[in-house]
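Peer 1: The residues making up each chain are set out below.
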Amino acid sequence: MKQAVLDFMARACAMEAEAAERYAELAEQMWAFHNREVAKLFGKLARIEGLHRDQILEKMGWTEAPDPSAFRWETPEGPETTDYGELHYLMQARHALELALHNERRAAEYYERLSEADIPEDIRREAAEMAEEEREHVRLIEVWLAKTPDPDARWDEDLDPPVSVD
Amino acid sequence: MIDMTLTPAHYKSDVKPVWCPGCGDFGVLNALAKALAKLALRPEDVAVVSGIGCSSRIPAYTSAYGFHGVHGRALAVGTGLKVARPDLTVVVTGGDGDGYSIGGNHFLHACRRNVDLTYIVMDNRVYGMTKGQPSPTTEADWTSKLMPQGTGLGEIKPMAIALAAGANFIARGFTGDPNGLADLIVSAVEHPGFSFVEVLSPCVTFRPEQREWKKMVRGHALAPAADSVEAATRIFADDGMNLGVLYAGTRRPFAPPIGRAQRTPTDLERRFAL
Ligand SMILES: Cc1ncc(C[n+]2csc(CCOP(=O)(O)OP(=O)(O)O)c2C)c(N)n1
Ligand code: SF4
Chain A
58 MKQAVLDFMA RACAMEAEAA ERYAELAEQM WAFHNREVAK LFGKLARIEG LHRDQILEKM
118 GWTEAPDPSA FRWETPEGPE TTDYGELHYL MQARHALELA LHNERRAAEY YERLSEADIP
178 EDIRREAAEM AEEEREHVRL IEVWLAKTPD PDARWDEDLD PPVSVD
Chain B
18 MIDMTLTPAH YKSDVKPVWC PGCGDFGVLN ALAKALAKLA LRPEDVAVVS GIGCSSRIPA
78 YTSAYGFHGV HGRALAVGTG LKVARPDLTV VVTGGDGDGY SIGGNHFLHA CRRNVDLTYI
138 VMDNRVYGMT KGQPSPTTEA DWTSKLMPQG TGLGEIKPMA IALAAGANFI ARGFTGDPNG
198 LADLIVSAVE HPGFSFVEVL SPCVTFRPEQ REWKKMVRGH ALAPAADSVE AATRIFADDG
258 MNLGVLYAGT RRPFAPPIGR AQRTPTDLER RFAL
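These protein sequences, in sequence, are chains A and B.
Reading the first sequence from the start, the letters are residues 58 to 223 in our numbering.
Reading the second sequence from the start, the letters are residues 18 to 291 in our numbering.
Don't take every hint at face value.
Chain A side only, calculated, beta carbon under 7 Å to chain B, not exhaustive [stated by the list, open to error]: (1) Gln86; (2) Ser126; (3) Glu131; (4) Pro133; (5) Tyr141; (6) Gly142; (7) His145; (8) Tyr146; (9) Ala150.
Think of the hints as simulated: they come from the structure by calculation, not from any bench.
Glycine included, each C-beta is placed from N, C-alpha and C at the ideal position.
Construct the entire structure; sequences and hints are all you get.
Peer 2: Have a look at this one:
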């Protein structure tokens, strides 16, 4: 395999690894605030991204994902990584899934753009394949969202907030 | 020996942060771990020192030597440590309340002394830990239950103060860009002398409007000046949302000679005996 394709696959693997790591971290944040439902959901999303990372590792015959911090993106972080700032301790499943949908869409767009860019054909082919996988994830999350109720009207109201002005 | 296998995960401890989900300080922890990995510093060669506040919990969450100090005294502890153990990379951390209110005097003199350490201030323009009192960087017209009319006081400009007081490296980062912030921290640690990194770190609980910062910041908007007059002109025209390195100076760091202590703790104890 050409070096440029290896580099592309390393980047793709790092993107999945970073997304998985972040979801796992977000799950921990939610456990700390006893938001079990969303903690579990983020944990599940971490496992899904982890599976995608492992698929790439297997395909490439690698044993370990490259360190995501070695990569830079057009956006502040990888296209599939959730911004820490998007969280709220009372968020509900629907909020978390909307974040996940946003991430999957960004990832699909990222690969779609690459698959149409003026770059070597073998990278475009790999990018097109990844774009299709990300679109599949988009569809899965859309189905999941359709089964998930809207957040309660006053979802962020807390009569006994953990940190509040007395 | 440089260990090339160190990754950011090596610099995060097993203690799980209790910061509010969404808090900017998570981005600082992430960036600091990335920066230390990039610098390939062994955790035992690094000390993370802090004062008191939500942001000051960071030494507990990093896997390196740590000192969770006294409110406002992080720089005093960090300076003492660096002077006594110049072989350590000392990173001092804290909030705007810790660093500019109670610790304001230490800030001035740390800049003036120019000891070779890095100071990271997680500025959320509020006292988070004590539930939302205004700090010296809080906008004059920010109102809350505690300050219904606002402070009516103009906020200070820490980067201008750092420049005037003699800091050798001055930069601003944002927690929504942990990679960019990691690069700034690397440059700050590598630059000799006192390096000051102001980090815009939203407090989503007491200042939820700061979630909008991500739409307001301008990446790479500050270019490093080696000339303090040029840096001063720029910082006074700045609206607080420009990111990057403002100043990289050439002052020689202060490093007093280290020798054996003249008195033992027992001598000191004797002097205080009643
Ligand atoms: C000597 C002393 N005075 C006051 C306090 C109370 N106190 C604890 S944290 C804090 C301010 C924290 O604000 P900041 O440094 O901005 O950190 P943040 O919590 O916003 O991260 C104050 C006043 C204290 N702990 N010790
Ligand atoms: S109160 Fe503010 S500063 Fe403290 S952890 Fe919560 S969001 Fe962060």
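Peer 1: With reference to the structure, classify each hint as holding or not holding.
Peer 2: Hints versus structure:
1. Gln86: Cβ of Gln86/A sits 4 Å from chain B, so the hint holds.
2. Ser126: Holds - the Cβ of Ser126/A comes within 7 Å of chain B, reaching about 4 Å at its closest.
3. Glu131: violated (11 Å)
4. Pro133: Holds. Min distance 4 Å.
5. Tyr141: holds (4 Å)
6. Gly142: holds (6 Å)
7. His145: It holds, given that the least Cβ distance between His145/A and chain B is near 6 Å, below 7 Å.
8. Tyr146: Status holds, d = 5 Å.
9. Ala150: violated (15 Å)
Violated hints, in rising order: 3, 9; the structure is consistent with all others.
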